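K.L.:
Below, each chain spelled out in residue letters.
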Amino acid sequence: MPKVYDAIVVGSGACGGWAAMELASRGMKVLMLEAGSKVVPAQDFHHRFLYEMEFRGQGRPGSLRRYTGNERNYRIMLDSTENPYTTAPGTNYRWTRSRCLGGRTMHWARATDRMADYEFKAASRDGYGMDWAVDYAAMKPYYDRVERFIGVSGAMEGLPQFPDGVFLPAMPLNCAETIFTAASKSLGWRTTHRRLAQLTRMHNNRPPCHYCGNCVNGCDVGAMFNTVAVTLPPALKTGNLDVLTDSVVASVRMNAENRAQGVTYLERFTMKSIDVDAKFVILAASTLENTRLLLLSAKGGLANSSGLLGHYMMDQVGGGGVSGILPKLRGGPSRLDDGKSAGITIPNFQNIDKQTQRKDFIRGYVINATGGQTEYPQYAASVPGYGSAWKKEIKSRYVAQARVWNAGAEMLAQKENFVELDPEVKDHWGIPALKIHFTHSDNDRKLIADFQQKAEELFRKAGGEIIPGLGRGGPAGFPGGPGSPDANQGGRRDTLGGAIHEVGTARMSVDPKEGVLNSFCQTHDIPNLYVFGGNAFPSTGDKHPTLTMMALSARGCDHLREQAKKA
Amino acid sequence: MPSRRDVLDLAVRAAALPGGAEFFSAWLRAAAVDQDDHQHAPPEPPLLRNYQPKFFSPADFAALQALTEILIPTDDTPGAREAHCAHYIDYLLHAADDVAPDMQKQWRDAMAALQQAGFHTLDANGRAALVEEISKPERDRSATHPAFAAYRLIKQQNTFAFYTSRAGMIDALDYKGNSYNTTFPACDHPQHHVI
Numbered sequence: 001m002p003k004v005y006d007a008i009v010v011g012s013g014a015c016g017g018w019a020a021m022e023l024a025s026r027g028m029k030v031l032m033l034e035a036g037s038k039v040v041p042a043q044d045f046h047h048r049f050l051y052e053m054e055f056r057g058q059g060r061p062g063s064l065r066r067y068t069g070n071e072r073n074y075r076i077m078l079d080s081t082e083n084p085y086t087t088a089p090g091t092n093y094r095w096t097r098s099r100c101l102g103g104r105t106m107h108w109a110r111a112t113d114r115m116a117d118y119e120f121k122a123a124s125r126d127g128y129g130m131d132w133a134v135d136y137a138a139m140k141p142y143y144d145r146v147e148r149f150i151g152v153s154g155a156m157e158g159l160p161q162f163p164d165g166v167f168l169p170a171m172p173l174n175c176a177e178t179i180f181t182a183a184s185k186s187l188g189w190r191t192t193h194r195r196l197a198q199l200t201r202m203h204n205n206r207p208p209c210h211y212c213g214n215c216v217n218g219c220d221v222g223a224m225f226n227t228v229a230v231t232l233p234p235a236l237k238t239g240n241l242d243v244l245t246d247s248v249v250a251s252v253r254m255n256a257e258n259r260a261q262g263v264t265y266l267e268r269f270t271m272k273s274i275d276v277d278a279k280f281v282i283l284a285a286s287t288l289e290n291t292r293l294l295l296l297s298a299k300g301g302l303a304n305s306s307g308l309l310g311h312y313m314m315d316q317v318g319g320g321g322v323s324g325i326l327p328k329l330r331g332g333p334s335r336l337d338d339g340k341s342a343g344i345t346i347p348n349f350q351n352i353d354k355q356t357q358r359k360d361f362i363r364g365y366v367i368n369a370t371g372g373q374t375e376y377p378q379y380a381a382s383v384p385g386y387g388s389a390w391k392k393e394i395k396s397r398y399v400a401q402a403r404v405w406n407a408g409a410e411m412l413a414q415k416e417n418f419v420e421l422d423p424e425v426k427d428h429w430g431i432p433a434l435k436i437h438f439t440h441s442d443n444d445r446k447l448i449a450d451f452q453q454k455a456e457e458l459f460r461k462a463g464g465e466i467i468p469g470l471g472r473g474g475p476a477g478f479p480g481g482p483g484s485p486d487a488n489q490g491g492r493r494d495t496l497g498g499a500i501h502e503v504g505t506a507r508m509s510v511d512p513k514e515g516v517l518n519s520f521c522q523t524h525d526i527p528n529l530y531v532f533g534g535n536a537f538p539s540t541g542d543k544h545p546t547l548t549m550m551a552l553s554a555r556g557c558d559h560l561r562e563q564a565k566k567a
Numbered sequence: 001m002p003s004r005r006d007v008l009d010l011a012v013r014a015a016a017l018p019g020g021a022e023f024f025s026a027w028l029r030a031a032a033v034d035q036d037d038h039q040h041a042p043p044e045p046p047l048l049r050n051y052q053p054k055f056f057s058p059a060d061f062a063a064l065q066a067l068t069e070i071l072i073p074t075d076d077t078p079g080a081r082e083a084h085c086a087h088y089i090d091y092l093l094h095a096a097d098d099v100a101p102d103m104q105k106q107w108r109d110a111m112a113a114l115q116q117a118g119f120h121t122l123d124a125n126g127r128a129a130l131v132e133e134i135s136k137p138e139r140d141r142s143a144t145h146p147a148f149a150a151y152r153l154i155k156q157q158n159t160f161a162f163y164t165s166r167a168g169m170i171d172a173l174d175y176k177g178n179s180y181n182t183t184f185p186a187c188d189h190p191q192h193h194v195i
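Here the protein sequences line up with chains A and B, keeping their order. First residue of the first sequence: 1, per our numbering; consecutive thereafter. First residue of the second sequence: 1, per our numbering; consecutive thereafter.
Chain B with its partners taken away, still in its complex shape (with noise of 0.2 Å):
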């Protein structure tokens, strides 16, 4: 497929032919809707594609990614496994090596509830349960359990793991700005006119 730049650089030496303009600007109109309709939203940058976990154990960084699918699964937008969230969470803790001890030790109190509760150790199903269980306290205020100040944390970090990626931020929630713009649109809705 051609890039953008091949399209622009045939498109205006075509329309140079005799005839070419009006042709050749409707097919770059039709090229362009064709194409990647976030070019504002350059690719993200490969820090985590090949990303090995330096703060979780290989057994906590399995639960932790496992956890995070659960929470933000890929469905007919991409997830948190698209995202890399769970390797995000590692790379942003081993950066605090020095500077934030407390903050992973709150995340290492967290896995270790979450082992607590069996979560490591369970097949699909069963974590899915657990998630449903140690999640109650949200829907349910008298709920209780001890590892849903692990789940808060967790899903915290995770959703700002997710929308911050362009995977949340683009892919899912088709965010527009950041560009370059001739107008802003206005409000064109009559309903919105009216109380």
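Bound-form chain A, shown alone (with noise of 0.2 Å):
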């Protein structure tokens, strides 16, 4: 271990995983600190069916409350009662977390979409919030480049508002997919293969995807991509990256000269607390993290000279969502058809232009849909009657099956909404936990209810029958889909937030007083601190952000190397 590292990387998933391999690949000595312990997909993730877990994939009674994953993944989530965090009066937000190497990567939706001018540039439209300090034109060589290395399935449509990439060939579509496509088409919108980090085909020496369906209880193979499998083995093979596991960082040290000396973990175990030196500290352990990081390290909070360290909390926009069935399938054979746990997209198709303005709200919502078999019939239960007729029917209605789901609608930004250290409660580690301050505007209650209505739209132009009290859609294992821990709420429309695409908090800006960091992802303050995560949004946009979380952390590591160079 040297004793002044190039750099130190906190965090292991989407973007410290890729700053690592950046950094490490052009031989800068980097220490990487996980605070949760090792993975080894060949070994901790494969495939087992329900019936042979003890309690069918819900834990023994009780045991799973702590965490938020199922009795397949929770060892790679996070224990709630170790890591609490508060959340203050009339704030209804759960904080999905995950710690392991690889952190969500491992388990996510995989979902691979670049965020367009349409959200760089949407306050300069609709004159609300505040422009991007980057727009479409920085970030594409970043997009470029990380979608080359992770590979990405999908197919080229030609909007504006939902750029093209670097694309293996895209996911077939299964049968309820087809008709989604049909009913959407008819009715005037674009749609396409959900955009997927899954490849199609062999990629950089990875498999492609055997069509399991497991993706969110964790690849065994690596054909979805994730830090374990994908950046970690390059990183690894120069000899320049070394990762501690269970390793919790506490705080960012500082010197006389307002640089980051390098950070303080303790040893998740044992609780030693150890300090290590680096040139230059790069936070990439969760939007979320990465802003306690910063609260923890500095009274009044590290790079705060703006006073917005902190504020303008977003989460992409959840709830909605039409579960039911598609009539035309009924009865058909059994299919594979969960076997890519995917779907379709129908791109946000309002408020693009004047002609698409809506008067009523700004911005947009991206539409999924998805059916067929699942390993769950969830509608099962709540069909009336028993015996062998009851069974044939569950049967019929099995490969019927059919979901409109809203992954993440656009939230507005609003200074309103923060998180802050909470006074009393603390960790396992004695580390203050975090206190979130989070409510959604008039905007985005407006948006999910035309959402909602454009879903069952959807649902009826494809033949659809509507079952009220379902879970409100996604594939299995998403949030609300079938098989996850809020798959039974039904379709309860108060259940905003939880998209798990939390972003903000520490947002880009040109202007020092506006913002905590610049378009590289380094903080206006100390030229020695970079953020990468989704803290630099100033939007949430439509899309799904870990792409351009990623593409930002890339760029962002152009940009370290220059400064090293120079130094």
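Just so you know, the hints here were simulated from the structure itself, not pulled from any lab data.
Simulated pairs of lysine to aspartate or glutamate, EDC-like, Cα-Cα distance not exceeding 16 Å:
no.: 1; chain 1: A; residue 1: 392; chain 2: B; residue 2: 75
no.: 2; chain 1: A; residue 1: 395; chain 2: B; residue 2: 76
no.: 3; chain 1: A; residue 1: 395; chain 2: B; residue 2: 174
no.: 4; chain 1: A; residue 1: 328; chain 2: B; residue 2: 188
Not everything, but these chain A residues come out facing chain B in the computed CB check (under 8 Å):
no.: 5; residue: 47
no.: 6; residue: 51
no.: 7; residue: 60
no.: 8; residue: 61
no.: 9; residue: 62
no.: 10; residue: 211
no.: 11; residue: 212
no.: 12; residue: 213
no.: 13; residue: 335
no.: 14; residue: 340
no.: 15; residue: 380
no.: 16; residue: 386
Source: prediction; values computed, not measured. Each residue gets a CB set at the ideal place from its N, CA and C atoms; glycine is no exception.
Fit the two chains together into the complex; they arrive one by one in their own frames, and the hints show the way.
P.N.:
Structure (structure tokens):
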């Protein structure tokens, strides 16, 4: 272990893994610190049927309440009794976290969308909020770089609000998705295959997807992008990367020259406190954990001359959705419908230009749809009756299941949504916990109400029968999808939040008075401190955020290396 | 009957013989079709096979077992009996000791309601008639029955126990996922491409 590393990367998720790979492969000596344990996919992830598990996926009664996972994947999730957070009165926010090598990349939904100038310059278009300090032209080379390396399946569409990328062949559509595509076309809405960081052919020495449908429980072969299978192996191969798991970072340490000296971490089990030094410190521990670390590292928060650290927290608006049956598919033979855990995407088609401008709300949302067999027939217990006739009805509906869901609509940035350190609650290591203040605006609610109306319109156009009271949709294991902890919450429209796309709290800005980070995710105040994740986002956009976080990280790494050369 | 591994070993060795490859590849395909069509799904662990109820009294367990089999009977596919649904429910509730007392009470109350309705002492025909009566509120919103909540609770958990068992998931529903596949089956139905 060198006395002073070139860079310390805190966290091993999508951004931490990318940063470690980029910097180590260019000769920098890097230390990666991960609070969770090591994961070995080939050993830890394998196909397990519900009946092979003692409690059929749900865990011993009461035992999994402290995890956001299920009996299959709770080991890579986070124990909320060790890692508490608090919420302000009126805040209904569930923070889904993971602590393991690879972080949330080990079980993520893999949706990989580029943002457009539709997002980056949204404030200039409709006057709300602040433009990003980057535009699409600045981001495109980095989107290209990330996509080429991780492998993204998708189809070219030529839509300016949904930019095309460097794609592997798209995943084929199942029967329900084909019907929804036809229905969407007849409504005049463009559709495409869900763009996924999931391989449809061999890529960079990784095998293609084998269509087991187990992605959110961890991929055993590395066919879906995750740190452990994709970015870590080449980084380790350089010999320039040290990885320490079970190392809980408590703060960034500063020196007298207003530069980050390094970090202090606690060994997870022994609680021993250790200092490590580096020329550069990169926080990549997830959006809110990054901000928590900045708040922990100095009175009033580190790199907080703007006073905006912690503010403008956002999470794409979840909620809404439709589940039911497509009668066209009733009674058909079973097919491997959920083997790709994917669906179709209907890119946002409102508020794109003057012709599509809505008077009642700004910004937009993306609609997703899928259907067919699932591991567990969530609808079964709600079907009236019993006996052989009931069994036949359950079987008849099995392949005809269908869902339209909202995986995340744009939530407006509001300063009043913020995180701070809780003055009383501490985690298992004695580190103050975060307190979250989070509510939705009228615009957010109007957006979801409009989504709900469009989702039902699509469902009806497809000839579907809506079944009220089922989960709000999404493939198996997704929030609200079959098998997820909130699958039985019904079509509750008040369950906003929970898209697990939390961003903001250290937004990027051209003017240091208006944000915490610059366009390279370098803090305005401390030149050798970078923050990679969703922190920099001045707005959520309507795309899944991970690819943009990674592209920003790639751009930040280029900038960091330039700074290192100058030094 | 040779195992799949035996068949594969034999085929590989035989294929090395002159002219053997073509013959044995056809034979291998035929042999594969002849075997269990659900080879991707391993057998169910023996957890419930010889399980002795620990939560319910013998009388309650017998009644629960009978009701689960009325709700999900054995017909051309396995039912609650083959899936050991009552055993699973007992196992789950026994495991809730000390951690989920509310859940245990809910089930004790349900079985008491079922007993009060007379289910425990009726013969098979009487039980079938009673279930028809208890379940009426499902079909007719104006109907009520004091044991309806018990019926719903048992139906809910029985449905879960059945369709998460191998008998329900694989034998009855023919679930194809959780398997290794070389391709994803694209929709090939022209009628699905038009509305």
